[in-house]
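Protein chains: 2
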Amino acid sequence: MAAVAVATRWWLLLVLSAAELGVARALQPPNILLLLMDDMGWGDLGVYGEPSRETPNLDRMAVEGMLFPNFYTANPLCSPSRAALLTGRLPIRSGFYTTNGHARNAYTPQEIVGGIPDSELLLPALLKGAGYASKIVGKWHLGHRPQFHPLKHGFDEWFGSPNCHFGPYDNKARPNIPVYRDQEMVGRFYEEFPINLKTGEANLTQIYLQEALEFIQRQQAAHRPFFLYWAVDATHAPIYASKPFLGTSQRGRYGDAIRELDDSVGRILRLLRDLSIAENTFVFFTSDNGAALISAPRQGGSNGPFLCGKQTTFEGGMREPAIAWWPGHIPAGQVSHQLGSIMDLFTTSLSLAGLEPPRDRAIDGLDLLPAMLQGRLTDRPIFYYRGNTLMAVTLGQYKAHFWTWTNSWEEFKQGIDFCPGQNVSGVTTHSQEEHTKLPLIFHLGRDPGERFPLSVASIEYLDALRRITPVVQQHQEALVPGQPQLNVCNRAVMLLWTSA
Amino acid sequence: MAAVAVATRWWLLLVLSAAELGVARALQPPNILLLLMDDMGWGDLGVYGEPSRETPNLDRMAVEGMLFPNFYTANPLCSPSRAALLTGRLPIRSGFYTTNGHARNAYTPQEIVGGIPDSELLLPALLKGAGYASKIVGKWHLGHRPQFHPLKHGFDEWFGSPNCHFGPYDNKARPNIPVYRDQEMVGRFYEEFPINLKTGEANLTQIYLQEALEFIQRQQAAHRPFFLYWAVDATHAPIYASKPFLGTSQRGRYGDAIRELDDSVGRILRLLRDLSIAENTFVFFTSDNGAALISAPRQGGSNGPFLCGKQTTFEGGMREPAIAWWPGHIPAGQVSHQLGSIMDLFTTSLSLAGLEPPRDRAIDGLDLLPAMLQGRLTDRPIFYYRGNTLMAVTLGQYKAHFWTWTNSWEEFKQGIDFCPGQNVSGVTTHSQEEHTKLPLIFHLGRDPGERFPLSVASIEYLDALRRITPVVQQHQEALVPGQPQLNVCNRAVMLLWTSA
Numbered sequence: 376m377a378a379v380a381v382a383t384r385w386w387l388l389l390v391l392s393a394a395e396l397g398v399a400r401a402l403q404p405p406n407i408l409l410l411l412m413d414d415m416g417w418g419d420l421g422v423y424g425e426p427s428r429e430t431p432n433l434d435r436m437a438v439e440g441m442l443f444p445n446f447y448t449a450n451p452l453c454s455p456s457r458a459a460l461l462t463g464r465l466p467i468r469s470g471f472y473t474t475n476g477h478a479r480n481a482y483t484p485q486e487i488v489g490g491i492p493d494s495e496l497l498l499p500a501l502l503k504g505a506g507y508a509s510k511i512v513g514k515w516h517l518g519h520r521p522q523f524h525p526l527k528h529g530f531d532e533w534f535g536s537p538n539c540h541f542g543p544y545d546n547k548a549r550p551n552i553p554v555y556r557d558q559e560m561v562g563r564f565y566e567e568f569p570i571n572l573k574t575g576e577a578n579l580t581q582i583y584l585q586e587a588l589e590f591i592q593r594q595q596a597a598h599r600p601f602f603l604y605w606a607v608d609a610t611h612a613p614i615y616a617s618k619p620f621l622g623t624s625q626r627g628r629y630g631d632a633i634r635e636l637d638d639s640v641g642r643i644l645r646l647l648r649d650l651s652i653a654e655n656t657f658v659f660f661t662s663d664n665g666a667a668l669i670s671a672p673r674q675g676g677s678n679g680p681f682l683c684g685k686q687t688t689f690e691g692g693m694r695e696p697a698i699a700w701w702p703g704h705i706p707a708g709q710v711s712h713q714l715g716s717i718m719d720l721f722t723t724s725l726s727l728a729g730l731e732p733p734r735d736r737a738i739d740g741l742d743l744l745p746a747m748l749q750g751r752l753t754d755r756p757i758f759y760y761r762g763n764t765l766m767a768v769t770l771g772q773y774k775a776h777f778w779t780w781t782n783s784w785e786e787f788k789q790g791i792d793f794c795p796g797q798n799v800s801g802v803t804t805h806s807q808e809e810h811t812k813l814p815l816i817f818h819l820g821r822d823p824g825e826r827f828p829l830s831v832a833s834i835e836y837l838d839a840l841r842r843i844t845p846v847v848q849q850h851q852e853a854l855v856p857g858q859p860q861l862n863v864c865n866r867a868v869m870l871l872w873t874s875a
Numbered sequence: 376m377a378a379v380a381v382a383t384r385w386w387l388l389l390v391l392s393a394a395e396l397g398v399a400r401a402l403q404p405p406n407i408l409l410l411l412m413d414d415m416g417w418g419d420l421g422v423y424g425e426p427s428r429e430t431p432n433l434d435r436m437a438v439e440g441m442l443f444p445n446f447y448t449a450n451p452l453c454s455p456s457r458a459a460l461l462t463g464r465l466p467i468r469s470g471f472y473t474t475n476g477h478a479r480n481a482y483t484p485q486e487i488v489g490g491i492p493d494s495e496l497l498l499p500a501l502l503k504g505a506g507y508a509s510k511i512v513g514k515w516h517l518g519h520r521p522q523f524h525p526l527k528h529g530f531d532e533w534f535g536s537p538n539c540h541f542g543p544y545d546n547k548a549r550p551n552i553p554v555y556r557d558q559e560m561v562g563r564f565y566e567e568f569p570i571n572l573k574t575g576e577a578n579l580t581q582i583y584l585q586e587a588l589e590f591i592q593r594q595q596a597a598h599r600p601f602f603l604y605w606a607v608d609a610t611h612a613p614i615y616a617s618k619p620f621l622g623t624s625q626r627g628r629y630g631d632a633i634r635e636l637d638d639s640v641g642r643i644l645r646l647l648r649d650l651s652i653a654e655n656t657f658v659f660f661t662s663d664n665g666a667a668l669i670s671a672p673r674q675g676g677s678n679g680p681f682l683c684g685k686q687t688t689f690e691g692g693m694r695e696p697a698i699a700w701w702p703g704h705i706p707a708g709q710v711s712h713q714l715g716s717i718m719d720l721f722t723t724s725l726s727l728a729g730l731e732p733p734r735d736r737a738i739d740g741l742d743l744l745p746a747m748l749q750g751r752l753t754d755r756p757i758f759y760y761r762g763n764t765l766m767a768v769t770l771g772q773y774k775a776h777f778w779t780w781t782n783s784w785e786e787f788k789q790g791i792d793f794c795p796g797q798n799v800s801g802v803t804t805h806s807q808e809e810h811t812k813l814p815l816i817f818h819l820g821r822d823p824g825e826r827f828p829l830s831v832a833s834i835e836y837l838d839a840l841r842r843i844t845p846v847v848q849q850h851q852e853a854l855v856p857g858q859p860q861l862n863v864c865n866r867a868v869m870l871l872w873t874s875a
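Residue numbers (this note's numbering), protein chains in the order written: chain A, 376 to 875; chain B, 376 to 875.
Check the hints yourself; a few may be wrong.
What the hints assert, rightly or not - Chain A regions said to be covered by chain B (calculated; three or more residues, Cβ under 8 Å):
(1) 627 to 633
(2) 666 to 677
(3) 784 to 798
Said to hold, decoys possible - Chain A is faced by these chain B residues, among others (derived, beta-carbon under 8 Å):
(4) Y423
(5) G424
(6) P543
(7) G679
(8) P680
(9) Q772
(10) R821
The hints are simulated quantities; they were obtained by calculation from the structure and are not laboratory data. Virtual Cβ for every residue (Gly too), placed ideally from N, Cα, C.
Pulled out of the complex, with its shape left as it was, chain A reads as follows:
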């Protein structure tokens, strides 16, 4: 691991505030707890308008913390967005994309040999430099071959699985996804870790919760700052919940899973308070991509007023629920209109630890502490990629689409629909439509649902284009794509490593 950043800022602050605090705690940078949901949509939380309002703990977290209505993931799919969170870099830089097709989405199912390159610097590895103990609970999704193992990329502990828990798998040709504790495989989904596909019953969220609580308690007892990455997956199809939550939601099984996750978040925050470390623990809640409307309504969530969902670069695919919580530091009950990104969690976490982001590479994440602590807003673009194709960019209130696409006519005719019930003529296209010369531009304040493109003849359009063009040009000129990691390999290769 090269270019380890130096701890500076935090210790400086401590000198100033040590007098007010117990020394043991004062010398410790804040714990960092990232709660990452799987396929949970912007519209799935009560605080974001879900009509059943079944997320009292998350809603309270927002009341006690800061809500970000304009927070984005870095890709409308799991693997790349998780790579972006842990590297602070767009997936196009870290290699989390495919060259198998133009604007093609890709992730790491068993059929892919790639994963997180050794050259990437991951957040847990960097945080080690400031003395953090780290753990990932849940889904990794950054590669499943041995060299990509989380413990080889900075995590001290792991309980979870390398990939999604969906199939189709059987025990012969395609084994179920393994579940690990640290280096050891402790079982497999559906076998040792059962998910009843018919009833949706599984106690995995409870296991993940216990893993989190135990880790927090242990680090607190050891007076060690911790980084916990709680990457649960109950809201990814097939949806599951444990028995006490099944059948309790107005929203069906998907809502049961949400309720269990909400309850778990409540328990985690309560433990932080009970251990008196809430004021020394930064918590951020978000999701990896928009709700998977292909699975709605029984296995997919809600993107609220936004267009389409997972897999797309419309707002429904990439705008995420986001809540920051750090009692005594982040003022309660605030809303920040900062355009935020999942990659900011990388830079912000480093900043919390008193570390600088690596200087030998492009980092896309912003430090959100000025937004959180002083209410400052920073102008910055949000880039929307599918594979290696820049589909769209948002700058201020304006979003420009350079390419529009949902999915192919072939898929669509088979009933695979990323935008059920939605159809914006010339926008939700089923062929890849190029608009690089004259992008489709929307004003997201007036039209968050991307239904009314600005007239290309309007002054407003020209003004927006004039501001967007150089930002995109600069981005593209400076961009050095990483080696693509997510190209699909053939089944023979897959069998090679699954038997390894």
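Put chain B on the given structure of chain A with help from the hints.
Okay, now just chain B, sitting in the frame of chain A:
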């Protein structure tokens, strides 16, 4: 006015609690303040997930009061829903519909001679029986001929207009809509009460606010219980706001209007606190119908995750923002899943005043006090009418559509779109589709956006239908439609009364 109800319950309560309170105030039933918005959508408030979150006062009102996510108007159009609020009866009963066409929406523009019949008992008239002083500020919309005047139907005071402030009007053949103070016409929209159609500037909301504040102060000084019906119209196209609010919203002019209304609600609630009458004033905020998506994005709002808007009987047309506020009585920060209706404001207001609803006629409104004060839920249907056609019904989580229709192909082809960007095959139909034998049924918990009809072969469908059928049958068998008031007359008749 026949069948005036008797004040009983309130006084009984007072005997029990008089010891704890100053006698002068204790003898007074609570003031009633209904804040009715015009074409404001469910999704227009921060607390309901509007991404710009520009309604801090309404969001605070919800935190201090009770939010109703499942609250409905009685018709997707202004006049009938306002008649329903003030009579506690479905518009089909009071005559607020037309027989000019099947499932045809109608309201009271100048071309209509009808209005609220003398036989209808209106809320302000009934509240007089418990000593209330009453005022309507803003839009009446229950008829503009002399016999329909608000002061002839129980209101003591009026500042506002009989109809919408839209045109097209000119000063010759079709005069602008008049603005009244009590019996006297004090001017006309665009003339004495200017709205700049280009800039959107108008100070009407400020005038309406002052009218409200002054009335509240005056009644408080006189120790008289009051009923104030604040029926503002800034969010009805053409949208307007006063100068200090213009250009302040992220949402354009529509957002400016929302901000001004939100600010006004904040000022009204603050006055109640300042006068120390907050605990003796019941306040309810809602809207007359869903956001007018035909006018979006510049002149229309948001219905959040719901389907379509004003004019339709989909959720976007009839589910409304709704907040109840009564400090010290309604517990703070609660969400009620009671299916509520604008007609409940009639019955609830009577209950607050210690009055019984009239017994000589069908009343559709429920008393919501058990829901508000004790958290009790009552099973009840919500009926969705267009004109005299029962389009749909909701019972529990299930909504059955007997007819589907947005608007005609002819209108649609001219660009009049009630569901821009939305298209649910077989649901958002442009011809009137009958499903009376086998209704389309949706589960609104799993599928609030009405995108996935239940399979008619499913047990769930059959169960839902079995429960819905007798409720509809009973409703239809007992229904006695009123004399239709909203049939369109010819222009000659119109000229007769506009010159009167």
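Hint-by-hint comparison with the structure:
Coverage of the stretch 627 to 633 of chain A by chain B holds [criterion: at least 3 residues with CB-CB distance below 8 Å; count 3]. Here's how the stretch 666 to 677 of chain A fares: 4 of its residues keep a CB closer than 8 Å to some CB of chain B, so the rule of at least three is met and the hint holds. Only when three residues or more bring their CB closer than 8 Å to a CB of chain B does the claim for the stretch 784 to 798 of chain A stand; here the count is 4, and the claim holds. Nearest Cβ of chain A to the Cβ of Y423 of chain B: about 5 Å, under the 8 Å cut. The hint holds.
Because the smallest distance between the Cβ of G424 of chain B and any Cβ of chain A comes to about 2 Å, under 8 Å, the interface hint for this residue holds. Because the closest C-beta pair between P543 of chain B and chain A is about 24 Å apart, greater than 8 Å, the hint is violated. Using the Cβ-Cβ criterion of 8 Å, the hint placing G679 of chain B at the interface with chain A is satisfied: the shortest such distance is roughly 5 Å. Interface restraint check: P680 of chain B against chain A, minimum CB-CB distance 5 Å, threshold 8 Å, status holds.
With a least beta-carbon distance of about 6 Å to chain A, the hint placing Q772 of chain B at the interface is held under the 8 Å criterion. Interface restraint check: R821 of chain B against chain A, minimum CB-CB distance 4 Å, threshold 8 Å, status holds.
In terms of the numbered hints stated before, the structure departs from hint 6 and from no other.
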